[in-house]
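**Q** Residues per chain, in single letters:
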Amino acid sequence: MADDMNIETYLAQGGVLSNPSNVPPRYRAELMKMMATFVDSELAGAAGFADIINKGPGIKARIAAAKIVLEKSDSAEKVLRIMGDFGADTERYADHHPWTARLERDADIGQTRSKHDMRLAVFNYPLEGWADAVVMNLLMGSAVTVQLQELSHVSYQPLAEAFRAIQPIEAHHAELAAEGLMVLAETPEAGALQALADYWWPRVAASFGSGSSHKFEVLKAMGLRHTPNAELKARWENTVTAVLDKAGLKPTA
Amino acid sequence: MARFHDLEVTDVRKTIRDAVVVTLKPAGGATEEFDFTQGQYLTFRRDFDGEELRRSYSICAGRDEGILQVGIKRVDGGAFSTWANTELKAGDTLQAMPPMGSFFTPINSAAETHYLGFAGGSGITPVLSILKTTLAAEPGSSFTLVYANKGVNTIMFREELEDLKNLYMGRFNMIHVLESDAQEIDLFTGLVTEEKCAQLFAHWIDIQSVDTAFICGPEPMMLGIASALRTAGLSDGQIKFELFASAQPGRAKRKATAVDAGTSANQTKAAITLDGATQTIEMGKDMTLLDAALENAMDAPYACKAGVCSTCRCKVLAGEVEMVANHALEDYEVEKGYVLSCQAYPVTDNVVVDYDQ
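Same order as they appear, the protein sequences are chains H and U.
Here my numbering is used: the first residue of the first sequence is 1, the next is one more, and so on.
Here my numbering is used: the first residue of the second sequence is 1, the next is one more, and so on.
Treat the hints as calculated values from the structure; they're not laboratory data.
For every residue, glycine included, the Cβ atom is placed at its ideal position computed from N, Cα and C.
Mixed in with the good hints there might be a few duds.
Said to hold, decoys possible - Listed next, with one range per pair, are the computed distances between beta-carbon atoms: (1) U:D163 / H:K60: 35 to 43 Å; (2) H:A94 / U:F48: 34 to 42 Å; (3) H:E91 / U:W83: 32 to 40 Å; (4) H:N54 / U:D47: 49 to 57 Å; (5) H:A94 / U:A27: 41 to 49 Å.
Said to hold, decoys possible - Simulated crosslink set (SDA-like; lysine to any residue; CA at most 25 Å straight-line): (6) H:K33 / H:T241; (7) U:K336 / H:R62; (8) H:K215 / H:D108; (9) H:K220 / U:Q357; (10) U:K315 / H:I109; (11) H:K33 / U:Q357.
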């Protein structure tokens, strides 16, 4: 058969890895980080949303919120299972951190992560009531949808498959949020929505990361990324601006 | 968390000169854990001169066969595969983790699916498991196998595949592509490259009817085939890969420590606090804090053991440690004295660390 090719060259040419036994250390590190970020964000997101369920106006809204909590936990588990293939103690991992923990509403942390876990910075901010949760879920849900479209092509096949399965579920969460927003837009609370959108917009936008091209090139060479952050962010802005517009809201400049 | 189990070796037989098929039986009632899905692999571990090696080998048995079998081809300079090919015998015990891997698609007995498999050399093992399982469990499905080898005498499972061809006549087609042995048809000689695939799709394989493709072989072959499949219109979701690199990365070698004046031996006294209790242990400086804690029956937290997930974080209260990798802690945390214990080696003769802070 053909001669051996080193893994780095293989990955740079679009090769796919399928099990932990042949991932190079640096690749493993970036992959684990990517997975931990997703798992922690989903667990933190689900934990934050769980407290919101009872604030939902009516049973349908509460069912939607409960479904989101359930499915985000389920998505976290799918990816955590892959971390388990790399030796992670998955049970301990899921329980080692108080996922409900949040910072102050006005904490200014930019893109930095908390000291304790890998959740995206945006999941460190507390939700204040139903309308707030709907707006956050709309903006972040749309962002996750765009990000998962990108991550569905990662070069680690089991993870790509997990993300492909998760992506439509997350997209549906954003749709539920869009429905929720339209309902809120017809209520006396509508006036407060723009301020909430303005609060979450920059925080969600930060989750796309910086434009740091070096890091992107490193990940691209490993097949872990394909589209630059700025392009993904622009994609998100377009989608979410259209939804906000329907509810009579504006994107934050 | 996946754990290692004992497996009894019930049979070892040669399939070609430098490859064996090993039949295994879970010992100690772990039968359920080894209930595998076609295309999965087992990860074995064995101690070679004090160094633990872990190697993964695909299961070659079909789901319905009621046996657990892996194929192990000898790799030049490969300690595990050489040992398996020369010394392993029936009656021995091997240790393996339960089956892992997602190199399969779900079985649907009503399906009328056309599968296309590509195998290079020992890459046949998971593909064989898949084709045996699907042909038996999906009576309406068909399987086309393109099997690449150096020559006729290096074809693993050659007779078994011929038998399957007779058993599933009309549903199982096989094309042998041989690198060095000439065949009647020119196309079947040489390497399986992107161009060769394109020619196969033009003349021999109805690529439009293919629902799922499986590829297992060396890297360049996989790249070429995948590229040809994409050109032919298959999506990423329709192409399943399995790659076992011959150069499997081992543990990162620790860099040699300079001998500092004032440090007498290669030993450190470490006081480790966990869950409110402090244990003082003697440990080598070539060992991580996490491993030292685990070896002393402390239930220290960890997840990735790669310096990534930060589950193993602890705080250094006294003494100095060296972190060889850090992909999780921010600079300000490191300044506060936090380290990833899975990556931290003691430098001074005394260290005090705390997992509770």
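**Q** Now tell me, hint by hint, if it's right for this structure.
**A** Checked hints:
{"no.": "1", "hint": "U:D163 / H:K60: 35 to 43 Å", "verdict": "59 Å, violated"}
{"no.": "2", "hint": "H:A94 / U:F48: 34 to 42 Å", "verdict": "35 Å, holds"}
{"no.": "3", "hint": "H:E91 / U:W83: 32 to 40 Å", "verdict": "34 Å, holds"}
{"no.": "4", "hint": "H:N54 / U:D47: 49 to 57 Å", "verdict": "56 Å, holds"}
{"no.": "5", "hint": "H:A94 / U:A27: 41 to 49 Å", "verdict": "31 Å, violated"}
{"no.": "6", "hint": "H:K33 / H:T241", "verdict": "30 Å, violated"}
{"no.": "7", "hint": "U:K336 / H:R62", "verdict": "43 Å, violated"}
{"no.": "8", "hint": "H:K215 / H:D108", "verdict": "24 Å, holds"}
{"no.": "9", "hint": "H:K220 / U:Q357", "verdict": "37 Å, violated"}
{"no.": "10", "hint": "U:K315 / H:I109", "verdict": "23 Å, holds"}
{"no.": "11", "hint": "H:K33 / U:Q357", "verdict": "23 Å, holds"}
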